[in-house]
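J.: Next come the chains, spelled out residue by residue.
There are 2 protein chains.
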Amino acid sequence: MTKIHITKIQIEQIEKQKRVHLINSLCGFKSVTLVGTVDMKGNENLAIFSSLFHIGANPPLIGFVFRPSPPERDSLRNILETRFYTINHINESIYKQAHQTSARYDPSISEFDVTNLKSEYKNDFIAPYVSESNIQLGIEFKEKVPISANNTIMIIGEIVQIYVPENCLHDDGFIDLEKANTITCSGLDSYHKTIQLDRLSYAKPDKEITSLL
Amino acid sequence: MTKIHITKIQIEQIEKQKRVHLINSLCGFKSVTLVGTVDMKGNENLAIFSSLFHIGANPPLIGFVFRPSPPERDSLRNILETRFYTINHINESIYKQAHQTSARYDPSISEFDVTNLKSEYKNDFIAPYVSESNIQLGIEFKEKVPISANNTIMIIGEIVQIYVPENCLHDDGFIDLEKANTITCSGLDSYHKTIQLDRLSYAKPDKEITSLL
Chain A
1 MTKIHITKIQ IEQIEKQKRV HLINSLCGFK SVTLVGTVDM KGNENLAIFS SLFHIGANPP
61 LIGFVFRPSP PERDSLRNIL ETRFYTINHI NESIYKQAHQ TSARYDPSIS EFDVTNLKSE
121 YKNDFIAPYV SESNIQLGIE FKEKVPISAN NTIMIIGEIV QIYVPENCLH DDGFIDLEKA
181 NTITCSGLDS YHKTIQLDRL SYAKPDKEIT SLL
Chain B
1 MTKIHITKIQ IEQIEKQKRV HLINSLCGFK SVTLVGTVDM KGNENLAIFS SLFHIGANPP
61 LIGFVFRPSP PERDSLRNIL ETRFYTINHI NESIYKQAHQ TSARYDPSIS EFDVTNLKSE
121 YKNDFIAPYV SESNIQLGIE FKEKVPISAN NTIMIIGEIV QIYVPENCLH DDGFIDLEKA
181 NTITCSGLDS YHKTIQLDRL SYAKPDKEIT SLL
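Chains as they are written, first to last, in my numbering: chain A, 1 to 213; chain B, 1 to 213.
No wet-lab data here; the hints were simulated from the structure. Possibly wrong hints are sitting among the right ones.
A pair holds if it fits inside one copy or across any two, identical chains being indistinguishable in the list.
SDA-like, lysine to any residue: derived pairs with alpha carbons at most 20 Å apart [what the hints assert, rightly or not]:
{"id": "1", "residue 1": "Lys193", "residue 2": "Asn91"}
{"id": "2", "residue 1": "Lys122", "residue 2": "Glu44"}
{"id": "3", "residue 1": "Lys41", "residue 2": "Leu80"}
{"id": "4", "residue 1": "Lys3", "residue 2": "Ser211"}
{"id": "5", "residue 1": "Lys122", "residue 2": "Ile6"}
{"id": "6", "residue 1": "Lys41", "residue 2": "Lys118"}
All chains, please: the whole structure from these sequences, using the hints.
T.: What follows is the structure in structure tokens.
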């Protein structure tokens, strides 16, 4: 494939919205989920995030990034206020509603209401899950990490509740995300389903990797 | 789908390797790339990472997480020593070789050599790109952020060089990753290609979203 070369100076000169599309695309395919929160008065909030990443399995930690405030980020305020939030996988049936949560609604408006996604409360967890989501996580806030390079804030939480379809969970702990209809995204606005190529064995220096399927 | 509910106490009791598979799966589909580095003596290193995430577009920042040392992380040491590294998208032709770089080789061994991936040096950038990769990024180290919750280290860098196939770059800045054969991963060892569902218009409170395709 013939490649274009774009240098630092050229990146800086690209028109703002075009640069946002370009840089967001460069990260590759991303995890895309809905983060559910509620404030102390019971006002719900639901927001789509594509910056989720795995930090560790013991304890089970997951992180994501908030862009700078202002404007005030309802989800961030709620997380710091209540210390709990949910992460809900997005599937093919709800990705358009999920995308709609990125619109700038007034804090008094619940994105559950305007998108017709159903909030679900269970097992005494304070934050709302997305009922239509097949993989739901209850998260406890652990750490707020400021990123000085661009004034964003990273939020780190511990996975304390897991809801996963019975028939998607393998004996070795692997979850078949395709069977759960979880999708992925690229750039700012592109959604994709997946086709598994393979599962590969644990890599060792002097051993050929094999298929686990 | 009938869901299993796994609580915090149950998560803690899961056997270690099974928990690693489970928690890594819960993040959803992930960006998976090869990070190329070199030390001051010219010893190359290549390592697969699936914790890459977008931090911001202006300046264009990208982050990923290193597990705790020891063992010593060759890539981390090289990044801190030379301040530059590359991020290379993985495609269907090289994902098995990419997976093999996760084996624990001696620091003196170049993963380029053992996997037969070709290192490529261009435009005076000190770190090696992966020649077989269709989307290649040259990164300048910016910030090292310790995550106290589990002693991992987040490395943040600025994208200063971009190589992207000419026919994959849209006028609005979006990159067609499928056309570039970029793949995604889930869990520790599962690789997937994608099928685009749609690109959706910018969401606004009182406007229906439409397809951009």
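J.: Indicate, hint by hint, whether the structure satisfies it.
T.: Now for the hints, and whether the structure bears them out:
Proximity of Lys193 to Asn91 under the C-alpha cut-off of 20 Å is found in both arrangements, the shortest distances being 9 Å within a copy and 16 Å between copies. Taking the shortest alpha-carbon separations for Lys122 and Glu44, only the intra-copy value of 15 Å comes in at or below 20 Å, while the best inter-copy value is 51 Å. Proximity of Lys41 to Leu80 under the C-alpha cut-off of 20 Å is restricted to the intra-copy arrangement: shortest distance 14 Å within a copy versus 47 Å between copies. Proximity of Lys3 and Ser211 under a CA criterion of 20 Å is satisfied in neither setting, with 32 Å inside one chain copy and 28 Å between copies.
Taking the shortest Cα distances, Lys122 and Ile6 sit within 20 Å of each other only across copies (13 Å), while inside one copy they are farther apart (50 Å). Taking identical chains as interchangeable, the C-alpha atoms of Lys41 and Lys118 lie at most 20 Å apart only when both belong to the same chain, with a minimum of 19 Å there against 58 Å between chains.
In summary, the one numbered hint that this structure violates is 4.
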